[in-house]
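Participant: Line by line, the protein sequences are chains A and B. The numbering of the first sequence is the numbering used here, which starts it at 1 and goes up by one. The numbering of the second sequence is the numbering used here, which starts it at 1 and goes up by one.
It is possible that some hints are incorrect.
[As the list claims (entries may be wrong)] FRET-style restraints, in silico, Cβ to Cβ: (1) B:Lys376 - A:Glu195: 23 to 33 Å; (2) A:Gly62 - B:Asp64: 56 to 66 Å; (3) A:Arg140 - B:Ala126: 17 to 27 Å; (4) A:Arg140 - B:Thr89: 16 to 26 Å; (5) B:Gly60 - A:Ser193: 50 to 60 Å; (6) B:Gln66 - A:Glu195: 27 to 37 Å.
Simulated from the structure, these hints should not be mistaken for laboratory data. Glycine included, every Cβ here is placed at the ideal spot set by N, Cα and C.
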Amino acid sequence: MCAWASVAVPKLTTRLGVVAALGLGLALAASAASAEPGGFGLGRAATPEEIAGWDVDVRPDGTGLPPGEGSVQEGEEIYLERCAACHGEFGEGAGRYPVLMGGFDSLEEDRPEKTIGSYWPYASTVWDYVQRAMPFGEARSLSDDETYAVTAFLLYLNEVVEDDFVLTRENFTEVRLPNRDGFFMRDGSDLPSGEPCMKDCKAAVEVIGRARTLDVTPEDEQQALE
Amino acid sequence: MTDRKPKAPGLPASPERRRFLLTGAAGGLASAGALAGTAAAAGNPENLPPNVADWSRYLGSGVDAQPYGVPSEHEAHVIRRNVPWLTATPESSVNFTPLHELDGFVTPNGLCFERHHGGVAEIDPADHRLMIHGLVEKPLLFTVADIKRFPQENRFHFLECAANGGMEWRGAQLNGVQYTHGMVHCVQYTGVPLKLLLQEAGLKTSGTWILAEGADSAGMSRSIPIEKALDDCLVAYSMNGERLRPEQGYPLRLVVPGWEGNMWVKWLRRIEVGDAAWYHREETSKYTDLLPDGRAYKFTWTMEAKSVITSPCPEMPMTDTGAHVIKGLAWSGNGRIKRVDVSLDGGKNWRTARLHGPVLPKCLTRFTLDWAWDGKPVLLQSRCIDETGYVQPEIAALQKVRGVNSIYHNHAIQTWLVNESGEVENVRLG
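In isolation and in its complexed conformation, chain B is listed as follows (with noise of 0.2 Å):
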């Protein structure tokens, strides 16, 4: 008989909220006796053996109940939320996915976080063009069935945005894997490499740069140089099999593997090959960043090594002593995760996890570590390494170069306290 552990709730609560919850979860848990360790532990006696439940006994939905499969009515709490004080407007904010309910890789195309400047463009396909001009031999105007034609790819990328963990650079703040390193996913993109609409419309050799262009209100534009587009992006049409949802940019969105989200422009509607950067609101105002000495980095376009365990996290508390798997994710934007290393005292020791394949490049990459808890506080940590041999630095070695006030590219490791009750706080050690 294993120490049993009051059930915590599986969100973020406030103090007060969750002390409350505790104590109810401990009350039920006191008369239930042999309460198992997950959500729905409790559970129906009427459904369980001995018995036998109805939907073992009678028919149930034919097909087409759902012609468009939705997850079972008990996952509905596995959704993307926002954290309302951040924006001014819902059309100019962001969202984040639920990494701690997810397994494998591959993110669901309705839980990938949402980030939009001018709330997201509904755009009939028919009534879409991409454009090509600017140092071309000959300005191009493609239709969302000629960018099928061409030769296809389908490659799996994670895309994070460059604030993702950006309240995070003070000290800890958010209190769930959700938020604190939600502004990730990672799909499989159908789509064509970029290299060969430029060739079509007959790249000079006098364009160095591109700008990418958004046909959402905002006119999303960031500015790419060619080297990048060349090697390996995407006018992609399609994620996870099926087309681009409206949100993720529906018809066709921009994939710049590894590189910050911000520059994956959805809704893409023009490039523009040119001999300069164009410096635009996105890449002087937004996405540079600021150093303690009020000098800022200018085009830090790439995604470096991150990891993060999404469980245990504030949402997936320890319910139980004994066995548990360790669970997290890699990500690199320079290629391959290589290795995590997984730490329960807080960074003095560290074991390497599990690496779950197929590990691919600037694509997530799951990991865990199987272990069993003996009810003490724990002080969990991952830290990855890529295939260039970069290792995913502390904050502090982050804070001593780049300060406080960069905002963006925080990829500092993690730290989870697993308390004596099992619950999980975000935490920042000194």
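If we strip away everything but chain A, and leave its shape as in the complex, we get (with noise of 0.2 Å):
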């Protein structure tokens, strides 16, 4: 493809090009000082280097995940001490900071627990989180070991792997979260549709429920202490 596009007559064949060709004289024209793509010739070639410093980025099917492997048991040293004071020893959550693990079956109950076991569809969006963002505080901190084992262990915390699992590159994609096929696209609005009523609309109406009665609105010191 990078060759391909290397060779300078197939611009306008692409799809922007021939957007800009139609829409964009604009474009078109500030193009005539830059042969390069675009044509407004802003910026700067970004590095491989650069590239690589900043694309951590990871998908389900295992683009972007570096070498590297990490095991539950290494994933557990890591775990009790970096993560489990805001999520708990076993994944339990502290405070109101996050549950990891468990709730399992429990989407359709009254109080869903929604889960890395429970609720994520892909192991990749825990590693990709982790690496991006956690510990809370001190992302980008774990290496790329460190947070395969991490994710090795949360996985295990949801008995999606066992206790002696060595997560690595190779064998990423084939662990499946149990909610993988939870999740599907709304086709539309899913609600009926229609002209408004605007006269005698219904027969009566019932107050069933006050905030007030709740008082958890948060109130101002100041008029508090007025």
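Using the hints, put the two chains back together into the complex; each one sits in its own frame.
Facilitator: Here it is, written out as structure tokens:
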């Protein structure tokens, strides 16, 4: 693809080239000064090293995973030191910090518990999020191997793998989370449509709930002191 | 002489607190006699006619007393507020726009609600870069100055958090429009169409999705289909004429008109073009809508037609019988607002409100209804219809399809009960 693209001729055959030719005269006019894609001549080439430092995202098909590995047992040590203060020793959560394990078969219940094991569709999401954003307040501080290990331990806490499991780039896509097929895209509106009623739309209405009886609304300190 | 009503406090209070305040206010009212119906009603008689106030006699502050102007000290109560029990920590939390205090459809920059996942990234624009790479001919790195040299667009858009109203699925919970609806704001953005930046890098035909990523410590990331990226997304550097506020993504943020606020990545540092969605944490664990059968909607990006009455509301009680303006806001992620209806009887009968232009697509629209209150209890509702014909639903219709555990995308009709003493409550009708 890159070799093909380096030939000057096919530029306008790309979808955007055509869009530019038809709809963006300004872009083409400005492109006289530059033979590069686009045509404004702004920005500079990002180097492979620069991209490698920032491009750490991972997809469900394993795209983006770096080489490396980590075991459940290594992950437990890291987890207890770096994660348990907020998420609890067993992923049960501390205070209002997220619960990471359990909640199996709770999604249809009155109070569902959405965890990695009960709700998340892909293990890649765990790896990606731990690597980019965890530990909270110390993002990007885990090595790739440590991220594999913490992910392995979280999978173990959720009964997805055994305690002797070692997670690697090679076996990553074999891991399957229980709720993988639990998501779908809505097809348009999910509500009935039609011209709204204007007169005598219902016979009676009744107040069945009041926010004030719950009394969970914050009050201003200043007002409370008045 | 109209029937004067006691002045309730300007903010929601617990029932006990409110009774106390009402009693106090009523006592004051009895002695004041001719109390007018505004917060500063009592005032200082020394400043009122026929007397002449000090500010009419003596010089005031000169220019530059406030090099960057701030609101009057008498407006100090017009602030964002949060709900401390909602979240574990303020760095990963949300606060709410005081919709009840605002007029028109533009939100002042300092009052736009905040939602952070790793706190506010404090960025020197000289040290900020936007990287575009992946399925492009030429990966590029832009400075903020580079971005400002592209052709610019100026557009008003609302930004609503998908969880706005999320605490109200099961019933009326928070007694204030700031908390039930305050995760929305609307400003004019200045920026460059994302399409131009993607073209500059030479988007490949195999590119069907982008990943937008922030420079904050949460590395906020969302997948966006290429059709939306090429349609109306902006990379913005200004809001309401001045540079983005730090808490709104300074120096660069993504604008994704009509779509859920979480996708409007702040502190935007990277756009990767790919051929599939990334299924990151914010589009799987969060921002998916759990249904009663245990399955969940994914990628419910559009914020559907919604409206709310912002006055009267629990924070803005009725102060008197007689002439009043019912005012509110309506918006739709699918285009322009076509009509807003208001009901005074809990949805039995409706009358059409007046829209105040300009009525812009994917933008807040102000509506008002002039009204004379007779002092009797009223069940206030608003219902909007957008240009696609979509009608804002009742909560029962939403619950029937989506249950009560969705968290996100509650755009149901809101009910305020105005009682005989003029207090306003968030109530749920059955």
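Participant: Are the hints correct? Go through all of them and say.
Facilitator: Here is how each hint holds up against the structure:
1. B:Lys376 - A:Glu195: 23 to 33 Å: Holds, since Lys376 (chain B) and Glu195 (chain A) (Cβ atoms, about 30 Å apart) stay within the stated range.
2. A:Gly62 - B:Asp64: 56 to 66 Å: 60 Å, holds
3. A:Arg140 - B:Ala126: 17 to 27 Å: Hint holds: Cβ distance 22 Å, inside 17 to 27 Å.
4. A:Arg140 - B:Thr89: 16 to 26 Å: 19 Å, holds
5. B:Gly60 - A:Ser193: 50 to 60 Å: About 57 Å separates the Cβ atoms of Gly60 (chain B) and Ser193 (chain A), which means 50 to 60 Å holds.
6. B:Gln66 - A:Glu195: 27 to 37 Å: Violated - the Cβ-Cβ distance for Gln66 (chain B) and Glu195 (chain A), about 52 Å, lies outside 27 to 37 Å.
Consistency note: the structure conflicts with earlier hint 6 alone.
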